[in-house]
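2 protein chains.
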Amino acid sequence: MGRKSSTFLSPIFALDPASAEPLYHQLYEGIRDAILDGRIARGTQLPSSRLLAAELSVSRNTVVNAYAQLLAEGYLEGEAGSGTYVTLRLPDDSLRAVRGTSTTPPGAPTRPRLSRQGQALQRYATTHTLSRNEPRPFQPGVPAVDEFPFRLWERMVARQWRKHPWQLLTYGPAEGAQPLRQAIAEYLRMARAVRCDWRQVILVSGSQQAIDLTARVLLDPGDAVWMEEPGYRGARDALVAAGLALAPVPVDAEGISVRAGRATAPGARLAYVTPSHQFPSGVTMSVTRRMELLCWAAETGAWILEDDYDSEFRYVSRPLSALQGLDESGQVIYAGTFSKVLFPSMRLGYLVAPPPLVDVFTAARSIADRHSPMVDQAVLAEFMREGHFGRHIRRMRTLYQERRDTIVEALTRELDGLLELSPAAAGMHLVGWLPGTVDDVEASRLAANAGVIAQPISAYCLAEPARRGLMLGYAGYSSAALKLAAGQLAQALAGLRAKRPTTR
Amino acid sequence: MGRKSSTFLSPIFALDPASAEPLYHQLYEGIRDAILDGRIARGTQLPSSRLLAAELSVSRNTVVNAYAQLLAEGYLEGEAGSGTYVTLRLPDDSLRAVRGTSTTPPGAPTRPRLSRQGQALQRYATTHTLSRNEPRPFQPGVPAVDEFPFRLWERMVARQWRKHPWQLLTYGPAEGAQPLRQAIAEYLRMARAVRCDWRQVILVSGSQQAIDLTARVLLDPGDAVWMEEPGYRGARDALVAAGLALAPVPVDAEGISVRAGRATAPGARLAYVTPSHQFPSGVTMSVTRRMELLCWAAETGAWILEDDYDSEFRYVSRPLSALQGLDESGQVIYAGTFSKVLFPSMRLGYLVAPPPLVDVFTAARSIADRHSPMVDQAVLAEFMREGHFGRHIRRMRTLYQERRDTIVEALTRELDGLLELSPAAAGMHLVGWLPGTVDDVEASRLAANAGVIAQPISAYCLAEPARRGLMLGYAGYSSAALKLAAGQLAQALAGLRAKRPTTR
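Chains Z and B, in that order, give the protein sequences. Under my numbering, read the first sequence as residues 1 to 504, first letter to last. Under my numbering, read the second sequence as residues 1001 to 1504, first letter to last.
Just so you know, the hints here were simulated from the structure itself, not pulled from any lab data. Cβ coordinates follow ideal geometry from the N, Cα and C atoms, glycine included. Any given hint might turn out to be false.
[Claimed, not checked] Anything over 10 Å on all C-beta distances counts as not near chain Z; from chain B, calculated:
#1 T1044
#2 R1050
#3 A1260
#4 L1421
[As the list claims (entries may be wrong)] Restraint ranges, calculated between C-beta atoms of paired labels, are given here:
#5 A481(Z) with R1060(B): 39 to 47 Å
#6 R1162(B) with R50(Z): 52 to 60 Å
#7 R116(Z) with L1462(B): 22 to 30 Å
#8 G1390(B) with A54(Z): 28 to 36 Å
#9 G487(Z) with R1113(B): 48 to 56 Å
#10 R42(Z) with D1252(B): 17 to 25 Å
#11 S1479(B) with R50(Z): 37 to 45 Å
#12 R162(Z) with Y1085(B): 55 to 63 Å
#13 E147(Z) with N1061(B): 25 to 33 Å
#14 R1162(B) with T437(Z): 49 to 57 Å
#15 E386(Z) with R1199(B): 41 to 49 Å
With the rest of the complex left out, here is chain Z (with noise of 0.2 Å):
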């Protein structure tokens, strides 16, 4: 016996010594595959361990071990002492499908079958290309990152982490942590007015996250949705990827229309605004319009998202009020994130349910994936708790004011005539609304050429934009680098400012 498997087994094991993977691994591979393969037969017995691995020059543990992991997992049967086989039982038309190399099994699909939410995401996925670069003028949706206070954060995780409780450490409740919520509750309930208990504050892992639950919970594919145009493509790329038909709705000067809405789509079963500071136009909804969205949604037990991602950085009056708290009728889904304030790489933001709601809400976040990391909820709170976050906002306000100056101040010298800024009360970057002959995505690949992140408004809308610009974001970048910048626009667009007629 020893002799005949010895000549069977010799030829197929091309052991490597100088391999990181373990002698005694690849020895169970090749057999393995070789059982598969049928190159060794169903029914054959192996040589003795001391056999083998006098056979291989390797150590008799080697083979032992070896046999072991193929003994644990079927391949082979047997005893010690009464020899080792390869198991019968491996059915026939398994080992074909299974390791049918050339060929594709058959009925198996040469494209994978996906669901129509797949499908609608791998439209997405070709389409979708995140900046993998350091962030430079004028990508928006960045924060002074280098700003944060480092150290002191750093300080504040090793505390934790000395501490160690067990509840930093084990699963969490999937609604957060009750020091968290409690701050989120407070600080919402001062700065920005929401009416709220502290036990409809949920954690999510940011605004993102907030926009797929309200989908889930809320909305069935088909579903109606009113969505701003030009408006937030996370949303949207979110809240296509659910099945729902999205009606794009003008915002004009005072915020999202809500006549044109209740025309196109008087049945629709949410609507997702910004009403603080619209995304991406930087308009402030105004209170007329605020009522007659919460009249609508009263009349029609429509929902509301009001998503208020940079709120905090208001620099004209104090940030606005939330839309949440003028409703009295549980029809508004509050969301905010840590994102913008602190730094995005984070993944904490919240939500803020009806009361109504808040179970439901806490059940889809359950399954979608549980919690968020307890040990930055931990630090969070006590970030917020101690002074900190206050203290951080007011800093960026003042910084991000004076990057809105000179941005505003930069372009207006560079590019008057060509661009007009919208409203830059609030936030993180303005609008540079184009002359209605010119193409943005057009300016948008110029400046690109040109080293410069200058997004044009008509990848925010649904349909055919209204008004053509360019997204530029200024938060995240010195006052040197947006002076920088602007000039190298400037020179990018020069031939489009020729082309433009001289009358209107």
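Put chain B on the given structure of chain Z with help from the hints.
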């Protein structure tokens, strides 16, 4: 005018100088609410800031700030010098609908209208209770978090914070940071015989998110799914919420019965399986079953979701190879988590997708919640690269094996004849099977009364359970605690033993 306005404004405001809420904000809210209530009529001219400040005995700045806010939000109109008026533009019906204090707005639902998924989740929310107490025997799913190398981890976190490059702070890639994906791929190839390139590894926030993303990308509501019976509730809840038709497929001593699955739901689009260590029964899927399952998937084009949640801890032979490593037709999605190996509250896991699905899974992660925290990813990549990860697994494997020996010995001594212990070759829990006549829900209740957590197996079943028993987690508890709990459990179940018939 001054006199007239002061007469109506005075009784409206009860400013509280002792409140934490700034005076200007109290004033702002008071005026706003009075406008919305109709106590201050539209078109009314407000007193000058100087006059109102004197009237209320507050600084003029307080009034100026409150007016500025009300002007910014559109409740007031006017310019300095020409007077400040309550806007005429608030629609009458808005006021009524929004501030219709006591009556429900017309058409508004008394119970909130949810999506089908929301309704499923609401049913789930009422039954789902996560323990908020410190884990105690025999709550399953809890690793020995007190054995985690905190000091080391804390130092590594601090090191990352001191570097704080922009990559760690701004938005990151949805699929995860490359160094971590590479470390995971290498680990999976070596330790789990997963066949993958690092580009197939997609970071998720735990196996729960892997399950959720798989359902989104691959399955439509109404699709049938093979669910192991008994099986993992986290998977069941996510799949039910997604509107899928769950077919319970019995698990026997070789794992899921492919024959039974083919008989009951031949057209299923997915099989959810835990081949290394079936949850909860502890069975390892035989290689024959693995082949049969892969064969069925290849034949029908169905997907297999392999949840390899605790395969690191195997005490008898080496950890078993993953089912994924045998898949030739790209039908297996492999999911793993760091929750069991490191600590659950970190919320990091991964899935390995067949190459054609990588883009769509990445897009799904992006719209669900963008990505995982970047600092944690950087620390974990270093933790793996520097060998700490492997060392920690080996230490925990030894520790858990000791604890397993302790619990097996204690349960055998205390409960022999009542509990038949499942194979305990792997994992962090075992099952104590009860005689056919004993109700496991009743046994669980008796245990809970004695302060011992022993979940009934029937809670993990969709249909009538074939066999009843108790889930007994041991990994997270000291030997002393396990012995004590085993004694308490024996006392609690003493009555059941008496009731048990003497013959089978």
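Going through the numbered hints above, which ones does this structure break? Give me the numbers in ascending order.
none
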